[in-house]
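Student: Here are the chains, one letter per residue:
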Amino acid sequence: MTKIAVLDYGIGNLRSAQKSLERAGAVASLTADPDEIAEADGVVLPGVGAFGACMAALHETRLAAEAHKAADSGRPFLGICVGMQLLYESSAETPGVDGLGILEGTVERLGEGVKHPQMQWNTLQVEMHPLTEGLDGEWMYFVHSYAAVPENAATVIARTDYGGPVVAAVAKNNVWATQFHPEKSADAGHRLITNWVNWVERVSQ
Amino acid sequence: MNSSVVRVIPCLDVDKGRVVKGVNFVDLRDAGDPVEMAAIYDKQGADELVFLDITASSDGRETTVAMARAVAEQVFIPFTIGGGIRSVDDARMLLRAGADKVSVMSAAIARPELITEIATEFGSQCCVVAIDSRRSENTPSGFEVFTHGGRTPSGVDAIEWAARAEQLGAGEILLTSMDRDGTREGFDLPLTSAVSAVVNVPVVASGGVGGVADLAPAVIEGGADAVLAASIFHFGECTVADAKGALADAGVRVRPA
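Residue numbers (my numbering), protein chains in the order written: chain B, 1 to 205; chain L, 1 to 257.
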């Protein structure tokens with residue numbers, strides 16, 4: 001069985017992420033235990049709320065270091081929503097607070113002329129990648145006011161449109177991430193989670 | 001009219017973890033089971049769900065938390081729980097159990113800092129402020145916030161309160177016209193557009209839907225980002241797909257059901 005560790009640093013709804021991984025056939029635990037994280041085949045960094053508050057909680061629970069270790073280990077790593085944003089170097093939401101810096105780039109406020117947050121379903125335009133396979137044009141659930149601006153545009157594997165193009169998913173080596181919530185995106189989200197779990201299974205063998 | 005992809009949101013009243021008020025699907029095994037109801041609306045293509053907890057007693061809270069947990073186990077679209085949330089701890093229990101958002105109303109009127117506390121702890125995106133409004137001569141805009149199920153006038157201007165709630169950290173406004181609620185005469189469009197004009201967070205229009213033709217005006221004239229309805233869905237008069245079809249026919253962007 002594919003074992004997934006969902007990093008639990010005390011934020012809101014983590015249960016849906018856990019359930020969606022289980023539904024895709026994985027054994028998923030919410031954990032802050034370094035041994036359990038080290039033994040997992042794949043690691044998920046979820047996130048809701050403000051960038052600064054999430055970074056503070058990651059440091060308090062010592063999970064920032066665990067996230068670095070997991071990403072460096074080469075094992076599959078998936079960031080979700082703010083969990084994606086935390087992977088970058090900084091965010092305009094909380095100036096002066098360093099992100100994890102696992103991915104190069106920053107997080108910037110969504111363009112003007114549209115509501116903040118984007119709180120709606122929106123469609124994906126995807127590049128060829130195992131995570132987004134079969135998901136071009138599919139609808140995903142977004143809740144965010146900020147979005148990643150990666151230094152390397154080649155890491156972008158999905159975009160959506162919200163007052164202009166918005167980065168919806170990225171992948172660099174073993175570190176993949178989505179701005180939307182696949183665990184809340186009905187069948188399309190299930191497909192994406194299944195794509196990831198299948199990938200974890202393949203590379204962990 | 002805004003450029004949002006408009007969400008269609010069925011609303012379920014729950015008491016002690018059971019769905020109440022005339023849910024009447026023919027194919028339901030247990031009309032009171034929130035999980036089964038939620039799964040049906042998920043299949044129909046609902047974009048989100050709202051559960052309104054009308055449990056009066058405080059010992060009913062545990063059952064609501066258990067319900068959130070059960071729903072999150074089987075339903076993979078976002079859902080909000082509102083009713084009786086008075087503290088950050090109340091919010092935490094429901095969010096940890098699997099709710100994506102909590103909605104506060106009476107307690108936020110009594111103590112507006114509650115909005116900021118929840119938004120700071122969990123983020124604005126999960127802090128919905130519900131406003132029950134009635135037309136009234138007691139406030140500048142002519143709309144007054146009523147609390148406790150629409151029975152108690154608060155003296156607070158509904159339009160000013162919406163703007164203040166956003167400043168305090170609300171990530172969404174769930175706006176119900178108590179004048180229209182249950183009348184089936186359609187949304188209160190002047191109320192909806194007055195609130196939409198003063199906030200930059202999403203506005204969910206609620207109260208008064210009598211049929212799917214009532215939905216699009218809330219978006220086109222009222223500027224709403226989402227439409228919430230209860231009875232038209234519960235009584236099986238129309239499906240979420242019917243609602244989305246009517247919106248799309250009127251030129252409103254929706255996620256196809």
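FYI, nobody ran anything at the bench for these hints, they're computed from the structure.
The structure presented is a predicted model; accordingly, all values stated were derived computationally and were not measured.
Mixed in with the good hints there might be a few duds.
[Said to hold, decoys possible] Calculated cross-link-like contacts (lysine to aspartate or glutamate; reagent style EDC-like; alpha-carbon spacing at most 20 Å):
1) B:Lys-3 with B:Asp-33
2) B:Lys-19 with B:Asp-41
3) L:Lys-43 with L:Glu-73
4) B:Lys-69 with B:Glu-108
5) L:Lys-43 with B:Asp-187
6) B:Lys-19 with B:Glu-60
7) B:Lys-19 with L:Asp-181
8) B:Lys-3 with L:Glu-36
9) L:Lys-43 with B:Glu-112
10) B:Lys-19 with L:Glu-36
11) L:Lys-16 with L:Glu-36
12) B:Lys-19 with B:Glu-201
[To be verified] Pairwise CB distance ranges, derived in the manner of DEER restraints:
13) B:Asp-187 with L:Asp-89: 30 to 36 Å
14) L:Glu-137 with B:Arg-62: 54 to 60 Å
15) B:Asp-187 with L:Ala-250: 25 to 31 Å
16) B:Asp-72 with L:Asp-89: 32 to 38 Å
17) B:Val-27 with L:Gly-182: 25 to 31 Å
18) L:Gly-182 with B:Arg-109: 21 to 27 Å
Backbone N, C-alpha and C fix where the C-beta goes; we use that ideal spot for every residue, glycine too.
Student: Decide, hint by hint, whether the structure agrees.
Tutor: Results for each hint:
1. For the hint linking B:Lys-3 to B:Asp-33, the alpha-carbon distance of about 14 Å falls within 20 Å, and the restraint holds.
2. With a C-alpha separation of about 17 Å, the suggested pair B:Lys-19 and B:Asp-41 falls inside the 20 Å cut-off, and the hint holds.
3. Pair hint L:Lys-43 plus L:Glu-73 holds up; C-alpha atoms about 15 Å apart against a cutoff of 20 Å.
4. The hinted pair formed by B:Lys-69 and B:Glu-108 fails the criterion: a straight-line CA distance of about 26 Å is larger than 20 Å.
5. A threshold of 20 Å between alpha carbons decides the hint, and for L:Lys-43 with B:Asp-187 the separation of about 10 Å falls inside it, so the pair holds.
6. At roughly 26 Å between alpha-carbon atoms, B:Lys-19 and B:Glu-60 are farther apart than 20 Å, so this suggested pair is violated.
7. For a cut-off of 20 Å, the pair hint linking B:Lys-19 to L:Asp-181 is broken: about 36 Å separates their Cα positions.
8. Restraint check: the Cα-Cα separation between B:Lys-3 and L:Glu-36 comes to about 29 Å, which exceeds 20 Å; the hinted pair is violated.
9. For the suggested pair L:Lys-43 and B:Glu-112, the alpha carbons sit about 34 Å apart, so the restraint of at most 20 Å is broken.
10. For the hint linking B:Lys-19 to L:Glu-36, the alpha-carbon distance of about 17 Å falls within 20 Å, and the restraint holds.
11. The straight-line distance between the Cα atoms of L:Lys-16 and L:Glu-36 is roughly 16 Å, inside the 20 Å bound, and the hint therefore holds.
12. Pair hint B:Lys-19 plus B:Glu-201 holds up; C-alpha atoms about 18 Å apart against a cutoff of 20 Å.
13. Checked against the hint of 30 to 36 Å, the C-beta distance between B:Asp-187 and L:Asp-89 comes to roughly 35 Å, which is consistent with it.
14. Under the hint 54 to 60 Å, the C-beta atoms of L:Glu-137 and B:Arg-62, about 58 Å apart, fit the expected range.
15. A hinted range of 25 to 31 Å for the beta carbons of B:Asp-187 and L:Ala-250 is consistent with their spacing of about 26 Å.
16. Taking the beta carbon of each, B:Asp-72 and L:Asp-89 are about 37 Å apart, inside 32 to 38 Å as hinted.
17. A hinted range of 25 to 31 Å for the beta carbons of B:Val-27 and L:Gly-182 is inconsistent with their spacing of about 47 Å.
18. About 40 Å separates the C-beta atoms of L:Gly-182 and B:Arg-109, a value inconsistent with the hinted range of 21 to 27 Å.
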